[in-house]
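Novice: For this one, chain B is given, so just place chain V on it according to the hints.
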Amino acid sequence: MAFFEQHIHDAPTTFLSKYVFSFDHKVIAKQFLWYGIAFLGLGGMMAMMIRWTLAFPGEPFPIVGHFLFPNTNGVVPPDTYAMLFTLHGTIMIFYAITPILIGAFGNFCIPLMIGARDMVFPTLNMLSFWLAVLSAVILLASLFTPLGAAAGGWVSYPTLSTLIGSPGVGQTLWCLAIFVLGASSTMGAINYIATIITLRAPGMGYFDMPLTVWGLWLTAILNALFLPVLGAGVLLLMFDRVFGTTFFLAGAAATTGSGDPVLFQHVFWIFGHPEVYILILPAWGIVSDLLSFFSRKPAFGAKATALSMTSITVLSTVVYGHHMYTTQMSPLLTQSFMMLTMVISIPSAIFFANWLGTLWKGSIRLATPMLFALGVVFVFGLGGLTGLYLATVSTDLYLHDTYFVVGHFHYTMAASVLLGGFAGTYFWFPKMFGRMLNERLGKIHFWISMIGLNGVFMGMMVVGYAGMHRRIYNPFVYEFLHKLIPLNMFITYSAIFMGFGQLFFVYNFVYSIWNGPKATQNPWEVGTLEWTIPSPAPHYNFDVIPVVKCGPHEFANPNLKGRDFQYQTEELA
Amino acid sequence: MAEAMTNLATKNLSESDQGKEIVSSIGMIVALISFGMLFATLMMGFAMFRFTAPVWPPDGMVKPSLFLPSLSTLCIFLSSLSYIWFEKNIANKKGLILTIVLGLGFMFMQSLLWHQLRSQGIFTSSGIFPSIIYAFTWIHAIHIMAALGLLFWLLFFALNKINTKALLLASSVGKFWHFLGIVWFIMFLTIFVL
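Here the protein sequences come in this chain order: B and V. Sequential numbering of the first sequence, starting at 134, is according to our numbering. Sequential numbering of the second sequence, starting at 1154, is according to our numbering.
Some hints here could point you the wrong way.
DSS-like, lysine-lysine: derived pairs with alpha carbons at most 27 Å apart [unchecked claim]:
1. V:Lys1328 to V:Lys1247
2. V:Lys1318 to V:Lys1328
3. B:Lys694 to B:Lys682
4. B:Lys682 to V:Lys1173
5. V:Lys1314 to V:Lys1247
6. V:Lys1318 to B:Lys151
Calculated from the structure, these hints are not laboratory results. Bear in mind that the values here come from a model prediction, so they are computed numbers and not experimental data.
Chain B extracted, bound-state conformation (with noise of 0.2 Å):
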């Protein structure tokens, strides 16, 4: 399948070209991670800001709220918050889950898992890393503008996002950061294409792929192709803001000569609706590959798997139109759309049905990876059913822009992509660092993890499905949302619960890159071919170029003697 063979290229020995500026997808795999955590922090500082104020209206944020909000006695000011919740939403989608789960695990995962040495353009992958960096610095600058930051919501629709809505430069920054953070993961999309179709190790036909990979495959697919929708929106908003064009600015639509502010919410939901996807089919594939691994079993149905994800990939494009039921669109479109949306629920019935057939019997191993992967199991099974709800019309039109919304895409896209991006972290730490994270340390993250965020998500959507709206700075001055303030509080206590778990990983995952017991070379004892090399995985990962001879989840055969895996560079026993 490999259409040439890399060279082995000597390891690059300065500081700068081992550590900053490295062609080494191990090394890009590895900043995009510390990148996407450091931002994970930033995103949950803004997440907890946002439910202390929704929990105790008019009580100063503590500790560092009279720093960060001098001018009201450390409450968080109502223009502050819509910027958090901009940034939140922002940082969280583009600089924390695309970094970890495509930068880092794209990164890392896919030369690795198909025997290569490398991506097919390491220049690109550098250039795509550094991309990232210049936009989040450009995000991060316009918190300091004279206006602050964007608050116009993740989405940014105009007229809110309009000089109208937002008169500062603050949102023409964040225009501009996610153009340029689009380049960057399109970039890194062409790449990670390129070098499945070309790259793969001799014998690795596309269902010898893991999952993770087809996962990871699927999701760049979708980035090259609507990552560009989401930049020409932008751009167009862009040139709203600086050079006065009309796009976006309302009007009776084209028959006064000016713009159509619903055009950027088509825009955005073309590209948005994929997003949802390109986000969480990484997730799906390392979940589908942990999922055999811990059961010591093959992956129930994997080309049914891969098909699925693949069907689901390719409806994932005509379904945006769910996000938009309550602006004036016809009816007719919404039936279709609803339709369109609710087929989705066949593809993803069958993984689902497969990622427990895969568990079905099997000898489970409660590892904190197998953990973190079953949590993703239960959270995608209740964010997945909770949108149907709001797939469908009659129901959509109540719960459009409440809780409810929020709590479910948290299920789906923070709780399973997290859970997920944990569970990929704590399975490939070791062929990162060639050390151990400590299972303990580990296990208590995840069931804290696992408790907050259950808490969190379920609150949300119960006060959501009471009325209150998102978005809103104090509900509680609207008299029948007043009974839900212990429910917020409730929220709110899971949050913190669920915030403070995670200095658990923060201080195993550093404590254990210099100081964990180090990692042998098939710690998890799998077969595929990311654990047939020594770790941490060496410059240039395969010596010798691997032959593969059978799939990634050959487990328990009774043929195979003293084990009971087989390294899929071997003949099928």
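Specialist: Structure of chain V alone, referenced to chain B:
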């Protein structure tokens, strides 16, 4: 030496070079699909404004004269042809130089067009039609400038040593250049002619 070059130029590549050619083609094609989606989104927005308007152009505006855009189209069409000629024999840089000159000519025509619109009192803020003309031609022009940069880079640096890598670079840049030509032709047809 000259013979070796002709061999390379007729794509008589060794097996590993063929592999590299496939890889660079795949990379460039995926990149062009991404660029294509950017322009397709712009065209989708244009189509929406166009088809919902009872009269087009709106606001009693008249379409800009076709003279300059037609010249631009001619320039970019000829430049694509000359690039194809250049790719036939990559050692001869005359075709490349001609492409660059025609590309610069295209940019000159575009700036004349912007100047003409301004002198008629048509600015970006004059309504949706001028917004579309300015924004789309700007976005296209930025890409043309980037491509011109690549062409200059080919001319002065990348083709100093004619080997497989240089050939692949020339072919990738060529794909980008032809792509921009096609995008311009679609814009010319939909915005200026129809």
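Novice: For each hint, tell me whether it holds in the structure or not.
Specialist: For each hint, the structure was consulted:
For a cut-off of 27 Å, the pair hint linking Lys1328 of chain V to Lys1247 of chain V stands: about 19 Å separates their Cα positions. Taken as a hint, the Lys1318 of chain V and Lys1328 of chain V pair is honoured in the structure, with Cα atoms around 15 Å apart against an allowance of 27 Å. The straight-line distance between the Cα atoms of Lys694 of chain B and Lys682 of chain B is roughly 18 Å, inside the 27 Å bound, and the hint therefore holds. Taken as a hint, the Lys682 of chain B and Lys1173 of chain V pair is honoured in the structure, with Cα atoms around 25 Å apart against an allowance of 27 Å.
Taking the CA atoms of Lys1314 of chain V and Lys1247 of chain V, the gap is near 16 Å; set against the 27 Å cutoff, the hint holds. For the hint linking Lys1318 of chain V to Lys151 of chain B, the alpha-carbon distance of about 26 Å falls within 27 Å, and the restraint holds.
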